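Both chains are sitting in their own frames, so use the hints and assemble them into the complex.
Protein chains in written order, with the working numbering: chain A, 9 to 214; chain B, 415 to 620.
Since no wrong hints were added, every one of them can be taken at face value.
Simulated crosslink set (SDA-like; lysine to any residue; CA at most 20 Å straight-line):
#, chain 1, residue 1, chain 2, residue 2
1, B, K610, A, E38
2, A, K29, B, F431
3, A, K175, B, L602
4, A, K175, B, P595
5, A, K178, B, E598
6, A, K178, B, E603
7, B, K610, A, V194
8, A, K211, B, E613
9, B, K610, A, N192
10, A, K178, B, A599
11, A, K211, B, E609
12, B, K588, A, G169
13, A, K29, B, D420
14, A, K211, B, A606
15, A, K199, B, I611
16, B, K588, A, E168
17, A, K29, B, G430
It is worth saying that the hints were derived from the structure and are not from the lab. Predicted model only: the values in this text are computed from it and were never measured.
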Amino acid sequence: MATRVSERLNEGPTGFVYYPKLEIIAALNEGLRFWCLLTLGLEITAGWTPGATFTHMLTVFSDWIAPLRIMTSAGAIVRHSNLADMAAIDPSWIFATGTAQRYVAIGADFVGVYPAGGTLSVTYARAPVVLAADGDVPEMPIEYHPRLVDYGIYRMRQVEGGQEFLKSLKYFASFMDGAEHYGNYVRNRNKGADYDTGPLELKDGK
Amino acid sequence: MIDTADSVADILYRLGFQGGADIALTGTWVTVAELYQWADEAAKAIAYESGIFVTLDATITAVAATAAYNLPATHVFSLAVWLATVPLRLTAVRDLRALDATWTATSGLSTRCSFDAGSVGTITLYPNPTVGGAITQLAEELPADIAIGSSNVQLPTVLLDYFSYKMLAGARGKESDAAMPEMEAHFLERCALYEKIIEHLYGTGH
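This is chain B alone, in the form it adopts within the complex (with noise of 0.2 Å):
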């Protein structure tokens, strides 16, 4: 487990600081909160990129005579999914289509579910289902939001450096008298070997 807040710490002499107490003056180049919201933008891109946020999912419970359910707000990608323990295959309408000229109308056991029937961020099950149960995602999510007093993230501890060299590139990328665009430079390249690395070790995204 990662604590954004070490990476705080742990950059806070290299972007001139003294410590806590002299970036949390009045009027200073940069923020904490401004360093934090780097460090999410990297989490939420990672999730996308490379699918490093893995876990189970099944707070989306199916009834009968209802297709299409809404997925969480985490949501990025569904590896796998599973109507109680009926594997559902992932299919797109194109192929539903093929399948079943009239798709939308059948009723039966789902056995496949689609996420381009619907709206973005929705979940359509097919045939529509005349048995309900719990929908078991296994699922690429988002982390939660990294904040002031929100800062863990579920990562190998490895990892830490990635979140303050994406800090050190923004700070030092943003206009300002201490702007550095050649260490901003550097920092993402340190960053994109960090990438390179978690793809490696955790795969690719979707």
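The shape of chain A in the complex, shown without the other chains (with noise of 0.2 Å):
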């Protein structure tokens, strides 16, 4: 893929020059990531045993972008509340133990659950594996990656500027295209599953 960039910043014959092989694998790194952040097209289901009412999930999975369905061990759903709701059941709820049949998520990875205990199942939007090498696959779609390459070609013009950089707004847009697609499949699927989060939604690219 970080070839297929350098071809259509017209450096085919010679290779990387110009525009090292490095900054566009970093190119194509930093459009998953975003694609990932934009989409939520990423998720993984893994066990979790609360130590307590409150955790910092990326203590636990590195990964953690935001949380889409807790469930208990025996698959009864664990709901996703607001702090409203659990001031209404018990207002002293960060001091309860027992099977956790609600949580909060509250800022960027803080997650509570009411009452603390149990072992859970944590489905959660997670973050894409790094890009190393040329030959690397990205966590995306097939039908997307020319996507991601397009994000890689305005990336790279990030350095020139000036109408260089304008004539690559292109691609972003492009690319920004796919993300909303891609973006309202997750949304709604994300609805038909019963997720408690979804996608930002994106019109016209925006």
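This is the structure in structure tokens:
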């Protein structure tokens, strides 16, 4: 994929010269991270035993982005709630122990369960695996791979600025159109799955 | 967990430097220390704008007959407060006065707290407590300062590039021969998009 970006930056015959391979791979990684943040298109389910009411989820799952669903090990839904709900149910809810029935997600990674305890199954939107080599395959549907190439071109031209950069904005627009398209799919899918979080709604790639 | 040192490494090429040794030369138009300053300012700003850094703070211990306490220096906003295991309702002074005309002289088991009764950065308990205990706050806080040697931020890795674009915007907007106002504007637009996503996923600030 890095070679493809390089070729489209007109470095085909000579290979990587003005646009170094490592920089192109870094650009593709940036695009992939942004894609996952925009679409929440990668998810994973993992076991989790909360040791207290509150947990910084990044200390448990380093690839955490946002919670999608939490269930007990028996398969019962742990309901997503807000702080007002929790206070109404039990004003001292943070001190309760038992088997989790509800959870709150506050800030980037702070999750509280009520009552604290039990073995849970957490489905969350995750960050992608880092691309390290030209042949690594990005974790996004294959039909959108050209959009990542577009992002790579756009980012490589940021160094130049001015009109050279303006010419690359169409590639960024293409990437955003792809993210909007796939994000809509993920959002509808998440609604169908009764997930608690969906991706940001983009309109015309903005 | 983000290491903003990765952001620095990621943007050197886009700022026209050949690497870490190049930007470390004496008299460069931008320094690594400045790049970290822009990242630090960005982290502080989103702490207020989106309340993204949330934690359970129990650093204050109330004692009998003392109503007012200094909040931690990193405090931004308290979402919920408990004294020992008793929930405290967040109450403005006008409401305390309506509730109890001589509220400052009332003693008993505290059931409310106010953030505008004392000076900025203090919490005041009502009634003046006759029994002390830990003040537990579910609170939005400022992250630790970002600088050379302390570059980690407790945020999902997909937000790394938010800090990269803040650094790029700062550098290209800085008064210098390498200033690129058109690129600064674009980088700030990119940051604004990240902030929209942050608000969507992690909530707005207070």
